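Q: If you're matching them up, the sequences are chains A and B in order.
Each residue of the first sequence is one higher than the one before, counting from 1 in the working numbering.
Each residue of the second sequence is one higher than the one before, counting from 1 in the working numbering.
Read the hints as simulated data drawn from the structure, not as lab findings.
Every value quoted in this text rests on a predicted model; they were computed, and no experiment measured them.
Be a bit skeptical, because a hint or two may be false.
[Said to hold, decoys possible] Straight-line C-alpha distance at most 35 angstroms; calculated DSBU-like pairs for lysine-lysine: (1) Lys38(B) / Lys85(A); (2) Lys87(A) / Lys140(B); (3) Lys139(B) / Lys30(A); (4) Lys14(A) / Lys2(A); (5) Lys89(A) / Lys140(B).
[Claimed, not checked] Just a few of them, taken from the derived set where beta-carbon distance is under 10 angstroms, the chain A residues facing chain B: (6) Ile3; (7) Val6; (8) Gly8; (9) Lys12; (10) Phe16; (11) Leu20; (12) Thr22; (13) Ala24; (14) Trp25; (15) Phe32; (16) Glu41; (17) Asp46; (18) Leu61; (19) Ser62; (20) Ile73.
No residue lacks a Cβ here, since even glycine has one placed at the ideal position from N, Cα and C.
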Amino acid sequence: MKIEKVPGKNQKNKVFLYVLSTCAWCKMTKQFLKDNEIEFEYVEVDQSSDEDLEKIREDILSKGGSLSYPVVIVNNKTLINGFRKDKIKETLGI
Amino acid sequence: MTTLDKVRQRAESDARTYGYHLNPDPKFLQDLLEGLRKNEERFGYPACPCRFASGNLELDRDVICPCDYRDPDVAEFGACYCALYVRRDVFEGKTPVQPVPERRPLEKQTRTYATTPTTGAERKTELGTTATKETSRIKKKLWYCKQCGYVVFREDPPYVCPICKAKREMFAEIIIDVEEK
């Protein structure tokens, strides 16, 4: 799985994203994290192999999420579907 | 090759026809149109840029823009799922654009992940190729609008009739009885 890392000053939480390369909400989410200097990693789901897709689907569903993007996972525990700014801010404490 | 201008013109024309507006945020709109252009280029049809598409036309048919879910989503939330199409009050800034919950049934979402192994780069349209196992599971039927007579051959009836705007409840399946003589 090709994981991209975006460095940031705020490394308090492990922030991981599943995104689509074509999705405007996903772009907005990444930009929001960058603007807030949050370090994060992401995977572009639509650029992944089918083997990885199966893992991605299982990972999202096992954490109680739905298959709508972006998927924001904080500390491998809290999953947020969609660009829900308030929920992301609350979870990251920013 | 599909150009961004062509994608924009098509969306503008469709918005005018249906009484909608395009997203008022120019940067966000540009990203959406670029996503549609990219999908049209790689799949051969403009699948929703904010949903995972399989590249298999039969599996993606309901999320080809304008998707099956646009009309009920714009009516209920003021915007479609990706927020390309918005209602007038949203366009005028009276109502903020909020993320729209996914209306697409989970079964349709999950089956797009279960195709034959390919790499992301290889995942492209299957137009004109033989049907896959997933495609063969789709049972298409003939549906007609009881209000205007519009007939469509697909898995489910549309949420809204594209001709007379009747709701899904106005659609009935056409069952043809062939009597043997």
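Q: Next, verify each hint and record whether it holds.
A: Evaluation of the provided hints:
{"no.": "1", "hint": "Lys38(B) / Lys85(A)", "result": "holds, 27 angstroms"}
{"no.": "2", "hint": "Lys87(A) / Lys140(B)", "result": "violated, 40 angstroms"}
{"no.": "3", "hint": "Lys139(B) / Lys30(A)", "result": "violated, 39 angstroms"}
{"no.": "4", "hint": "Lys14(A) / Lys2(A)", "result": "holds, 17 angstroms"}
{"no.": "5", "hint": "Lys89(A) / Lys140(B)", "result": "violated, 45 angstroms"}
{"no.": "6", "hint": "Ile3", "result": "violated, 14 angstroms"}
{"no.": "7", "hint": "Val6", "result": "violated, 18 angstroms"}
{"no.": "8", "hint": "Gly8", "result": "violated, 22 angstroms"}
{"no.": "9", "hint": "Lys12", "result": "violated, 25 angstroms"}
{"no.": "10", "hint": "Phe16", "result": "violated, 17 angstroms"}
{"no.": "11", "hint": "Leu20", "result": "holds, 6 angstroms"}
{"no.": "12", "hint": "Thr22", "result": "holds, 3 angstroms"}
{"no.": "13", "hint": "Ala24", "result": "holds, 4 angstroms"}
{"no.": "14", "hint": "Trp25", "result": "holds, 6 angstroms"}
{"no.": "15", "hint": "Phe32", "result": "violated, 13 angstroms"}
{"no.": "16", "hint": "Glu41", "result": "violated, 18 angstroms"}
{"no.": "17", "hint": "Asp46", "result": "holds, 6 angstroms"}
{"no.": "18", "hint": "Leu61", "result": "holds, 8 angstroms"}
{"no.": "19", "hint": "Ser62", "result": "violated, 13 angstroms"}
{"no.": "20", "hint": "Ile73", "result": "violated, 17 angstroms"}
Of the hints listed earlier, those the structure fails to meet are numbers 2, 3, 5, 6, 7, 8, 9, 10, 15, 16, 19 and 20, in rising order.
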